[in-house]
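Novice: Sequence order for the protein chains is A and B. The opening residue of the first sequence carries number 1 in my numbering; numbering runs sequentially from there. The opening residue of the second sequence carries number 327 in my numbering; numbering runs sequentially from there.
Be careful, since some hints might not be right.
[Claimed, not checked] So the derived list for chain B, only partly shown, Cβ under 8 Å to chain A, looks like this:
{"no.": "1", "residue": "Thr377"}
{"no.": "2", "residue": "Arg380"}
{"no.": "3", "residue": "Val414"}
{"no.": "4", "residue": "Gly416"}
{"no.": "5", "residue": "Thr417"}
{"no.": "6", "residue": "Asp419"}
Since the hints were made in silico from the structure, they are not lab data. Glycine residues also receive a C-beta, built at the ideal position from the N, C-alpha and C atoms.
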Amino acid sequence: MTDATTFVAPLDAGSVDMTAPFGGGGTLPNPVTTASGCAGYGRELAKFQPLAELGSITTRTITPQPRSGRATPRMAETPSGLLNGIGLPGVGIGHFVENELSWLAERGARVVVSIAGERVDEFAECAQQLSNSPAVVGLEVNLACPDADNQGLAFAGNPATAHDVIQAVREVADPALPVYAKLSPDVASITDIAKACVRAGADGLSMINTPLGMVIDTDTLRPRLSTTTGGLSGPAIRPVAVRCVYEVHAAMRAGEITTVPITGMGGIRTGLDALEFVLAGASGVAVGTAVFHDPGAPLRVLAELREALAARGFAKLTDAVGHAHP
Amino acid sequence: MAHPLQRQAEIVELSPVGAYHRLVLRAEGIAERVLPGHVVAVAVGGPDSSTLMRRAFFVHRADPDEQTLEIVFSEQGRGTRELADVRVGGTLDIVAPLGNAFPVPNGPVSALLVAGGHGSVPLFGLADLIRDQGGSVGFILGAPDAGRLFGVDRAKELTPDVLVTTEDGSYGIRGHVTLPLAEAMKAIGAGVVYASGPLPVLRAVSETATSLDVRCFTAVEETMACGVGICGVGTCMACVLPVVGDDGVSRFARSCVEGPCFDGSRVRWDDIGTVPPDVEGAAAMDLSATGAY
Chain A
1 MTDATTFVAP
11 LDAGSVDMTA
21 PFGGGGTLPN
31 PVTTASGCAG
41 YGRELAKFQP
51 LAELGSITTR
61 TITPQPRSGR
71 ATPRMAETPS
81 GLLNGIGLPG
91 VGIGHFVENE
101 LSWLAERGAR
111 VVVSIAGERV
121 DEFAECAQQL
131 SNSPAVVGLE
141 VNLACPDADN
151 QGLAFAGNPA
161 TAHDVIQAVR
171 EVADPALPVY
181 AKLSPDVASI
191 TDIAKACVRA
201 GADGLSMINT
211 PLGMVIDTDT
221 LRPRLSTTTG
231 GLSGPAIRPV
241 AVRCVYEVHA
251 AMRAGEITTV
261 PITGMGGIRT
271 GLDALEFVLA
281 GASGVAVGTA
291 VFHDPGAPLR
301 VLAELREALA
311 ARGFAKLTDA
321 VGHAHP
Chain B
327 MAHPLQRQAE
337 IVELSPVGAY
347 HRLVLRAEGI
357 AERVLPGHVV
367 AVAVGGPDSS
377 TLMRRAFFVH
387 RADPDEQTLE
397 IVFSEQGRGT
407 RELADVRVGG
417 TLDIVAPLGN
427 AFPVPNGPVS
437 ALLVAGGHGS
447 VPLFGLADLI
457 RDQGGSVGFI
467 LGAPDAGRLF
477 GVDRAKELTP
487 DVLVTTEDGS
497 YGIRGHVTLP
507 LAEAMKAIGA
517 GVVYASGPLP
527 VLRAVSETAT
537 SLDVRCFTAV
547 EETMACGVGI
557 CGVGTCMACV
567 LPVVGDDGVS
577 RFARSCVEGP
587 CFDGSRVRWD
597 DIGTVPPDVE
607 GAAAMDLSAT
617 GAY
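My request is simple: use the sequences and hints to build the entire structure.
Specialist: Dropping the structure here:
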């Protein structure tokens, strides 16, 4: 008679090695970061936890010029999720480097800077300005922006446009900084996009950005957001995100894509949620929308993930990465 | 802004007050930090809740001796319906105090306090503060009907200068809360006006006070607390409205961080819900695009 349950000797949580592989051959002290757009530039979150204890903090997407963001209403609550059309408000790369990065550096934070633009050269401009910046440990390229030279279609939607952005960023970015491509799930094959990004020089992948959604107000009979559609986040999208990470990691195991670290995100609220992403193939995990419910969530998720790994007998985080694959 | 704390607050009391619910919470170290106009953000439904956004409420009373905070809310949606159902003895995850409180002059002043509906919630603590400084207060409290007024008796305990308006005429003067505004300001020689409640009330009060050259402070509720919910942290950027800064430049300001109390003459009331072309960063926006960008 066989028993489906695997029996393991639980370990002491404190003994689990949480060192997380990070793009370009480096490591971070632990796998937890914040999902871009949910942690601002860190100032608000720092009131609830020491930023230096996170593996890294991923900042709100920054663009060359300041952006006001979109008109209100910018957000709608959905079952176990949020729909947002915030519009990437930001102070612009110059102000960011001068004021926000130095503040983060003083707190000992390791910063992954999310960058974007409407043209390939705007991404590159941001990357260039982040060379030799204090506290920055990596770049995350937000490919979900509309491509002004391609009818406003998202860079992330097409292997060729995603490739061009990543290549341009990799060319000008500080060689010491790993470049992560942030992928959208609204594509026919996320592995095709992942492959194009890695071929263009991406040192890691962030998965997933928000899928597009829509809410219609049944009283006003109009779309709830000023932007009509918006990005859906929160636990509602977690199964989609886990599937994407699993598929891309499977393609890496099969040798179809060069293996690079994956940061998994999409509805992570607890350590067990994070563990799902790790088992699917992520060696980093980002906490996003959960921060709006519990501002202390990132460090709590780290502690819970550590416990969950220990309870399952994993001595190292890396032993669990991709463990769900046959 | 205040430095907010996150606490598991004990639910001490939940009771009906007119059309509203009064909720008393006990949490260590928060009450002594709360000033009139500060906000508490409440997580609804526990750690597994499918309702992700915190609900933000003005603090009605903060008692540092008892370590309690009191809020008053109306059932307007999923979140507040759940809150109306909580059990005394249970806990709620709260973040408080949030935002910037009402600025108060550090000397005697005659202040007119204007509220729509239960927008009056933060005004009684404010009245106490103004009276403690040797000042005096008058109230105009308005609501759609008598049932949705809040705090009329409390106001009458504090001052004989209380006007009440209802839109259906079921109590006091029939009409909007702003109807007797200019007259009331003159009658008590108001040196400052404070307003709290729905946006149309705040806008009308700001216009009248500004036209009479009287300072006016407004506490925005609708962008934040009307069941829309906010992160209560300042990172979600959903609760913004266009506000003119000290440097004359308009920016989107967050109700939960830079607000909820704004100088009424600085808020661009007519432009709420739009991206004014001169607001900082508007030039970079492609406003024809849909989606999250």
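Novice: For each hint, tell me whether it holds in the structure or not.
Specialist: Hint check results:
Among the interface hints, the one on Thr377 (chain B) holds; its C-beta lies about 7 Å from the nearest C-beta in chain A, closer than the 8 Å criterion. A hinted interface residue such as Arg380 (chain B) counts as satisfied when its beta carbon comes closer than 8 Å to some beta carbon of chain A; here the least separation is about 7 Å, so the hint holds. For Val414 (chain B), the interface hint is violated, since its Cβ never comes within 8 Å of a Cβ in chain A; the closest pair sits about 23 Å apart. The criterion of a C-beta within 8 Å of any C-beta in chain A is not met by Gly416 (chain B), whose closest approach is roughly 17 Å, and the hint is violated.
Look at Thr417 (chain B): its Cβ only gets to about 14 Å from chain A, farther than 8 Å, so that hint breaks. Proximity of Asp419 (chain B) to chain A holds as hinted, the smallest CB-CB distance being about 7 Å (cut-off 8 Å).
Violated hints, in rising order: 3, 4 and 5; the structure is consistent with all others.
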